[in-house]
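J.: Here the structure of chain A is known, so what remains is to put chain B in place on it, guided by the hints.
Chains as they are written, first to last, in our numbering: chain A, 13 to 311; chain B, 58 to 311.
Among the hints, erroneous ones may be present.
[Claimed, not checked] BS3-like cross-link-like pairs, simulated, lysine-lysine; straight-line CA separation at most 27 angstroms:
id : chain 1 : residue 1 : chain 2 : residue 2
1  : A       : K96       : B       : K247
2  : B       : K204      : A       : K158
3  : B       : K202      : A       : K38
4  : B       : K177      : B       : K70
5  : A       : K233      : B       : K174
6  : A       : K38       : B       : K166
7  : A       : K158      : B       : K169
8  : A       : K233      : B       : K247
9  : A       : K155      : B       : K189
10 : B       : K267      : A       : K155
11 : A       : K238      : B       : K173
12 : A       : K181      : B       : K254
13 : A       : K181      : B       : K131
14 : A       : K158      : B       : K178
15 : B       : K166      : B       : K202
16 : B       : K204      : A       : K231
17 : B       : K88       : B       : K247
18 : B       : K254      : A       : K158
19 : B       : K267      : A       : K158
20 : B       : K198      : A       : K233
21 : B       : K247      : A       : K155
22 : B       : K88       : A       : K158
23 : B       : K178      : A       : K147
24 : A       : K238      : B       : K202
25 : B       : K178      : A       : K238
26 : A       : K155      : B       : K88
27 : A       : K181      : B       : K166
28 : A       : K38       : A       : K96
29 : B       : K166      : A       : K158
30 : B       : K88       : A       : K94
31 : B       : K166      : A       : K92
32 : A       : K181      : B       : K204
33 : A       : K238      : A       : K158
34 : A       : K147      : B       : K169
If you are wondering where the hints come from, they were derived from the structure by calculation, not from laboratory data.
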Amino acid sequence: MDLIITSLEQGLIFGILAMGVLLTYKVLNEADLSVEGTFPFGAFVFAKFVMMGLSPIISTLIAFLLGTLAGLITCILFIKLKIKPLLAGILTMTMFYSINLRLNGKANIPLFSYDNLFNIGPTLIILVILVLAIKILLDTFLKTEKGYLLIATGDNEAFVKSLGINSNKYKVIGFMLANGLIALSGALMAQYQGFADITMGTGVIVIALASIIIGDTVKRKANWFKNTSRAIVGAIIYKIIGGIAIDLGLAPTDLKAISAIIVILFIAYNNLAIDLLGAARKKERRKINAQNREPIKDF
Amino acid sequence: MLRIENLSKTFNKGSENEINLFNNFNLHIEKNKCTAIIGPNGCGKSTLLNIISGSILMDSGKIFLNGKDISDLKEEERALHIGRVYQDPSMGVSPSLTILENMSLANKKGEKFGLKKLIKKDNMDKYIELLKSLDLGLEDKLNTKVKFLSGGQRQSLSLLMAALKHPDLLLLDEHTAALDPKTSYVVMKKTKELLDKYKMTTIMISHNMKDAIEYSDRIIMLDNGQIVLDTPSANISEEELMAIYKAKLDQYIA
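Bound conformation, chain B alone:
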């Protein structure tokens, strides 16, 4: 499904702050599975997602999506196959537009944008039904500007919009990290429902070990751009995972 081959990436090349993050990094992500990536700050989780989505260019290597080489595609060209939900709830939406306008834009993804009216009455039922599935009452707020929604509502909407056209690959970049524990739980549950419903191939970054085990099929732990653990989520307990994680962190402190 997604294959990364011989990825190398160095930041601040040639300066004293040079950071060699990835060195001949290889990864294969299976279709219709949810893979969780965990690891301490600076381990390369977000960089990896940015490289996959094309917002950071790699120094060398190849990325294949569904067998197709996407290494040379621009960010917006890759976006046609990749959906992404960011940590910041306002990143995945247009905050000063209404829910209806945002949904209508997301629904046009991959099609030609022309000089026809964007808002069409005949799609309304579809949007209302989708919003209802979120169970947040957003279906009654179609004409509310997204910036007036709470973080959790906005993030749920971002998730819905990112998944609306069933992208080949869904990237969840710590998408519940900015939410309070209760909202985070609700959004995670919605995520699970969506993933189960559409069977999307997903890469999820998380700092929450419990979430990682509960919601993913496979866990990968990164450290300094290297895979230090790669296991089916069913084979590991939260305590074991935490122990490995702590051991890694202790290396830095010691």
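Excised from the complex, chain A in its bound form:
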């Protein structure tokens, strides 16, 4: 039971991360690797401001807002300076490693003695409300005129330009929003585990991708099941799988390898299952055709 609740809570926090990555990876069709710098950045910004005496709500909000700047930096790198998006993300990530250490001068900051969001009420309920609110806001935004331009920019940039729209503007909006959410997720994680740590970003991109990919596999054909919901559900399932793995005696340090393997398996399943089915069906058809062939009787 404890395992399920912990997995749910952590899954919800990572659900916000996954929704952020969803915006760049799926909506804009760009792999933004700065995530691994932005996630701890959110945690460190939160730590900085909560230690200065600001309320946890304000500190979390500041983490979101400053997180958007990380997205802006990546965009400047690849739009203005024409650096490939993949490299631009890695450069931003690397810069933020140093920035994160500079922020508080330490690689690990205990936060147990400070107030946090989860002191307001039961952790799970706070998280459910927060995640649902973000999901609804994001879904609503994606239905607006600007939201559709964001989707179309990832789909076909030439089309957006043909509408008289500067598509780069929408890349910036998408990247900023995404990194804001990722930093917010990092700030929540710091409050949940009671500390901010420089290593907490390692591998989060894989966790986010795993969540999105797992979410995609659930009820694949259901149209009502929005991508945002998929990302959240995927993150929760991911956490439950991870929880079970630890329960079965795996060391927590093995989890990173497990997440990478989950991503590989799910992508492989998505890519290959269809082919395998197709091959099986072909074989079946050949068999039937052979049976149906009229035997040559006597001449």
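T.: Chain B alone, transformed into the frame defined by chain A:
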């Protein structure tokens, strides 16, 4: 209407692959007429359209649209006055959005995109009527994603969307080249209907001499960035056009 003055464009400048395509090129396109541009591959047809739409920058020269100098405008700024249908049927649409969503986006062109809901019920009748005019049954597939349509359906939709806000200039970049002969014929017919209905100034690139004669008012043949033929379509037969075209091609082979 559209005036191109002293256009020059050289590709791969300074390298051994330098290609001087346009050299002080001049062209004037009349209002409400359909001009067909034909010519062999590499003659500069597509480059010319790209230069007009702003996706390729020219080295020097001026472009005027309706008397206004658009030479320094960015591609998306020019797009407000220019509609374009590409050879690739997925270029002019957002494939993972539905027909309704695509139409709604195209219908907002030139207006401010804000935080209001994009899909509005009150425009539905207009879209259905427009889609009905295509005669492809698309009006019953409003919520189908465009990527699931056939090439011909998608291209007809692109055409409709490009023409929806009656741009000052419509560019058709071999827009039937990727379609099979029958679909190509249907799309060409729809094109003709739209052009007749809205009287749009159009530049059409084609490899099909018959289409060029049948659907345009004026034919221009390009070769190496130069106009080698410029005639009203009514004054030339398909055979004559083909003969000139062949003669040009033979120059390269000989």
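J.: Of all the hints given earlier, name the ones this structure violates by number, lowest first.
T.: 1, 4, 8, 10, 12, 18, 19, 21, 22, 26, 30
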